[in-house]
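Chemist: Sequence:
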Amino acid sequence: MHAAEGVRNAAGVGRIQDRRARPMTEASPTAAPPHGAGQPGSTTSPMPAFPCSARSRAALVALRLAALLIALAWPWLAGAGVPAQGEVAMRGEWVPATGAAPRAFDPSRLSAFGRAPDGIRLSLHPRSGAWPAGPWVLSVDSAGFQRITLHVPGAPPRTAHLLAPSDRYAFGRLVFELPRLPEGDAPLVLHVDARDAVPSPLLFALRDPAAQQAVEARWLAFATACLVIMLATAVIALVFGLRLRDPAFVWYAAYVLAYALIQATQSGYIVAPLGWSTVGATLPLWGRGVTTLSVVAAVLFLDHFAELRRHLPRVRRALQAYAALMLLVVAVSYIPGLHAPMRALVNPMLILGGPLLLGVAVGAASRGSRYALIFLLGWVPLLAVTVLGSLQLYGIAPDWTWSDDAALAAGAFEAIVLSLGLAERAASVRRQRDQARLLAGTDPLTGVLNRRAWREVAQERLAQEAGPFSVLYLDLDHFKRVNDRIGHEGGDRVLRLFVEVLRGALRGRDAVGRYGGEVFVVGLARTGTAEAHAVAERIRSGLRQRGQGLVPDMPLTVSIGLATRRPGESLDALLQRADVALYEAKRGGRDRVADG
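Residues in the sequence shown are numbered from 0 upward in steps of one, following numbering that gives the first Met the number 0.
If you're looking for bench data, these hints aren't it; they were derived computationally from the structure. Hints may be right or wrong, so weigh each one.
For lysine to aspartate or glutamate, the following EDC-like pairs were computed, each having C-alpha atoms within a straight-line distance of at most 16 Å [as the list claims (entries may be wrong)]:
#1 585 with 476
#2 479 with 423
#3 585 with 474
#4 585 with 491
#5 479 with 464
#6 479 with 583
Working from the sequences, and respecting the hints, build out all of it.
Modeler: Structure, rendered in structure tokens:
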């Protein structure tokens with residue numbers, strides 16, 4: 000299994016050789032009261048849709064993540080402190096080398112035996128002094144891709160591998176079915192061959208068939224949930240990435256899918272329950288490539304997600320060079336005759352991947368990238384699992400037997416955290432685009448729609464509304480004289496005051512726009528001529544009242560032209576009639592409303 004060798008510490012992004020090695024200013028849609036109620040949500044003054052504080056949002060996210068951690072850890076928490084039932088207590092001995100004295104070990108704790116040229120010989124003995132009667136199942140957990148051979152007195156030896164078991168496909172472990180055990184205290188002898196695999200620490204249990212079936216069922220439910228989470232988040236991200244044309248989503252999907260395949264392989268899930276034996280048999284062909292893909296995809300995802308171009312441009316170039324070199328080395332390793340030297344180079348580069356991404360993410364976070372913080376939130380647990388798995392190779396934390404499956408839980412947790420980060424990124428991009436559209440369609444002085452944006456809204460309303468639609472053309476009277484008397488800044492104040500008058504007279508769904516200079520236009524959906532005339536009169540009288548004393552010895556007045564859409568009439572024709580009515584109002588003496 001050379002394709003899988005030496006990738007143990009790649010921080011969760013590629014350790015296929017061993018399970019333990021994961022080392023618009025539009026109006027508010029709410030019901031509007033009659034004209035004149037002064038809707039604050041009108042088109043002239045957009046309001047935030049969700050008045051939720053950043054602190055409350057952060058607290059909600061923290062609660063969700065805490066619930067997620069509890070859910071993923073429940074299979075371990077539920078079993079903590081529960082005495083094993085249907086198990087036989089055993090003691091063990093192993094011989095580190097030919098001719099060496101046996102050493103004792105506890106089969107119920109993770110035990111690291113290392114690698115020997117001829118393999119390691121283990122023997123399991125009943126702690127009570129005699130084996131019990133009846134059928135039993137010997138379970139070997141955390142075997143990774145080591146080959147285990149069982150020798151039982153009076154029976155031929157049986158060899159098992161995670162992707163090629165001896166008796167039957169188990170879920171996440173190797174099993175040897177034993178119809179009966181040796182007589183007395185004769186040992187069960189095992190030979191462990193780790194020459195082509197990482198010598199991960201082993202865990203042994205002798206259970207009755209019912210107890211073993213329950214253990215496998217719990218693991219199957221847990222592993223399936225974790226892998227489904229990873230697969231679902233990756234597929235969703237891929238769809239959004241292609242739709243939004245955002246490479247961060249695509250690289251996230253590639254990374255999570257590659258990591259899920261790695262976990263499904265090194266846990267044996269691809270052969271049991273999936274039954275993909277051919278995939279497992281061809282691992283030497285694709286294992287190294289998928290491992291590298293997961294690392295490279297993680298690198299490129301971090302690049303786009305944490306915005307390294309802005310926060311760490313120099314480091315970004317170095318990170319991209321690392322990814323390119325990884326791809327080159329792996330590609331060359333498939334050339335006959337160059338496999339061995341390239342393999343010796345690939346493994347250290349993969350091991351470097353985890354700490355490298357961690358350091359870059361910390362650096363980006365220190366430069367102000369909040370998405371780098373989200374990346375760290377998902378990445379650190381995976382890195383911690385990797386470090387723990389590496390330490391257990393040296394006999395550290397042997398009682399933390401749950402760590403073998405922690406990579407699955409950490410992978411699912413990371414997938415969800417990063418998908419939430421991508422969702423926040425997509426929402427942020429949408430807010431920025433909406434803000435840009437709002438600014439592009441808003442008159443900067445008054446805050447109402449500009450001419451182009453108002454026409455877009457009016458066209459949309461005409462297409463959607465089946466009822467009457469009226470237009471008001473409004474022109475402030477003698478506005479040049481206003482500017483001459485109180486200056487252009489004073490004239491700007493008058494324009495803003497007039498917009499406030501409009502806000503007080505209109506409903507939330509009415510569209511207001513500045514057509515240029517002192518000319519404004521209002522679209523009144525579901526409003527006939529009589530009601531539109533009443534609205535116009537309210538605006539006219541409101542400006543007279545609000546504008547008293549603002550311009551010395553001069554009242555503020557407005558002339559208004561009104562037109563109601565006729566069947567089949569276009570927007571341009573409707574505006575033309577409103578414009579004609581406006582000039583009739585001016586010719587009639589100004590400060591009045593004329594119907595077109």
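Chemist: Can you name, in rising order, the numbers of the hints this structure does not satisfy?
Modeler: 2, 4, 5 and 6
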